[in-house]
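This is what each chain is made of:
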Amino acid sequence: MSQLEIKDLHVAIGEKAIVKGLTLTIRSGEVHAIMGPNGTGKSTLSKAIAGHPDYTITSGDVLLDGKSILELEADERARAGLFLAFQYPSEIPGVSIANFLRAALQARLAEGEEIDATAYYKRLYAKMDMLKIDRKFTSRSVNDGFSGGEKKRCEILQMAMLEPKFSLMDETDSGLDIDALRIVAEGVNTLRGPNLGVLLITHYQRLLNYIVPDFVHVMYDGRIVKSGGKDLALELEAKGYDWVKKELAAATAA
Amino acid sequence: MKPLSDTDTLPAPELEEPAVNPVVGIDQSAGNFTYDIKYDFDAGTGLSEKTIDYISAVKKEAPWIRDFRHEALKKFLAMPMPTHWATKDLENINFDKIRYYLAQGQKPKRTWDEVPDDIKKTFERLGIPEQERKYLAGVEAQFDSEAAYSNIKEAVAKQGVIFVNSTEGLREHPEIFRKFFGKVIPTSDNKFAALNSAVFSGGSFIYVPKGVKVSHPLQAYFRINAENFGQFERTLIIADEGSEVVYMEGCTAPKFSTATLHSAVVELVALKGAKIQYITVQNWANNVFNLVTKRGLAHEEAEIKWIDCNIGSRLTMKYPGVVLKGRKARGEVISIALANDGQHQDTGAKMIHAADETTSNVVSKSISVGQGRATYRGQVHIPKRLKGCKNNTECDALLINTNSRTDTYPAITVRGDRNATQHEASVSKVNEEMIFYMQQRGLTEGQAMSLAVNGFINDLARQFPMEYSVELKRLIDLEMEGSVG
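Chains A and B supply the protein sequences, listed in that same order.
All the letters of the first sequence, read from the start, carry residue numbers 1 to 254 under the working numbering.
All the letters of the second sequence, read from the start, carry residue numbers 1001 to 1485 under the working numbering.
Honestly, I wouldn't trust all of these hints.
[To be verified] Lysine-lysine pairs mimicking BS3-like chemistry, simulated, CA-CA at most 27 Å apart:
1. B/1121 x B/1275
2. A/16 x A/246
3. B/1060 x B/1038
4. B/1473 x A/122
5. A/136 x B/1121
6. B/1272 x B/1191
Treat the hints as calculated values from the structure; they're not laboratory data.
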């Protein structure tokens, strides 16, 4: 059982404060969805936790199993068990998916240890079968010339191979048509389980029809302003974000 | 200078299949060592007519070669440094402080057992893997001025293939050697070609008879051991009509506090329908001036392909070329250059179209790390009188750090309206988002950089033989270490 604690986190890009005191705890096996209007700091939150150098954490803390990760480099956080599924995954020309994943797994081994190539490919193909991904996929360069759907499937495959403790999924549904969305959601559902905690960041409710969360949080102006169960997402869908804004304004005024 | 003595021995008896074979291990740190060798032949320091007489006498050369050398020395002394277009760093070469000829013996050994211990140890330490014998048809290992070891598999020799060093080639096959020698690259081609012509020693002489397709690559390894030394090997490869040969060379030198000079001349002749592939992986220490002239002459329907990988050295100037002399001849240059701190890789290609329907292809990729500088110079020439000629030139540069530098000077002259050319060039900087993406998967920043660089050259690296592309990847990983931060 693992735990990711985000404690009163403040994040800035340059001088501009984006995340303004966000607190959230995710345990293994749980799926949390963060919803909110554009520009409210959802993606900033995920990139800051992953250790992107452009994002400055001005106060607060992020703890993985009780230990702060803020002093760790992005790659150290990744090896500690954090995975970020990118909204816009980078293209890496000339590096095949198979070689990339192999390098990523190799980086997790102690010095002098070599990955067993046969076992690696066996495991890779098993994961691909599980996610219903064509084997030819792995010889293509990472995300190079991929469609939106292919890029997201590539993210899911990487997540399956790296077996993180926590996965931050940033707008996984963006740019996908409904078929692609369903395939990606199936992938996430397949990987869901007692050893994985998920933070699902999304603008639209529709993703949550396919990946049903345990908890839903509404983020607005850099904070979580409302939390609830999966029904909260449906309420948001029906009433829109303005409802939350109004409620918040009323609460602030009172 | 050492006094001359008659120490030439008879060639050692030919033994079947040598148990060991040289040479691929070319990691820069692994190459950084030297042995204190006792040289039996030493032309001393500095260059004069006496130096040339010494070299010529040691080699017991015919008078025409001695005259050729003297003529070349005059040209070398008369020609200016090409600093009007090339880097001023050339002026830092002090020709008076260089040792032009150092050798322990005159005859290369046919088995490793006969090779003197220190020299044998050198090639062993360079990772000369025994299994490599499986895929090489012949090997020559040059130590400073002369080959210490040279052997060709019996099966290949029986096909009439000649693979010896240039000294032996001149002595034993003058009728072929003289016919082609200095014809592709005349002495006056450039100052360093003239210098090589004056003091050349070592290098390979290869003749592949009509229709013979050499099943495995021939390989040479060039090792500089001594400080203040100049290595001037001279290679001549002749592929007779319809024949095919692949030649590979590797180079290393230890890192001394003073500059070392490597100035080779390589001439290739592919007669009608012949194919020559010439593969170089050089990994010189970063105090070596590497000034090399390489050119091939392709007759009708012949094909010459240079695959050139330049890592290390202080300054490399090298523009492999093909003169497309016969109808439907094809020329190709595939080049990879990596310039790290304090290094300047000034590389490129020359394609001289001189017959109808000739085609040429140049693909160059360079990587500049830290304050490294990569320069591409290309020359493509298609005159008006020709028709049906095609050229494709692509050059891509990757900059790793903000202070890295790259320059591109493509000169493409295509006259007339019956020929086609296309040219693409790109410069890119390593993308920070890409690096973050890879780090997020658990790779360190350095590992991410290496992978990005290997990806950048991947399509070219795949054209190298397996063993070389693995080595290339390892070299790049080593070069990229410490390139970030």
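Checked hints:
Using a Cα cut-off of 27 Å, the hinted pair residue 1121 of chain B and residue 1275 of chain B is violated, with the two alpha carbons roughly 35 Å apart. Annotation: proposed proximity of residue 16 of chain A to residue 246 of chain A holds, straight-line Cα distance about 25 Å (limit 27 Å). For the proposed pair residue 1060 of chain B and residue 1038 of chain B, the alpha carbon gap of about 22 Å is at most 27 Å, so the pair holds. Of the pairs offered as hints, the one joining residue 1473 of chain B and residue 122 of chain A holds, with about 25 Å between alpha carbons and a cut-off of 27 Å not exceeded.
Straight-line distance between C-alpha atoms of residue 136 of chain A and residue 1121 of chain B comes to about 46 Å, which puts the hinted pair past the 27 Å bound. The straight-line distance between the Cα atoms of residue 1272 of chain B and residue 1191 of chain B is roughly 31 Å, outside the 27 Å bound, and the hint therefore fails.
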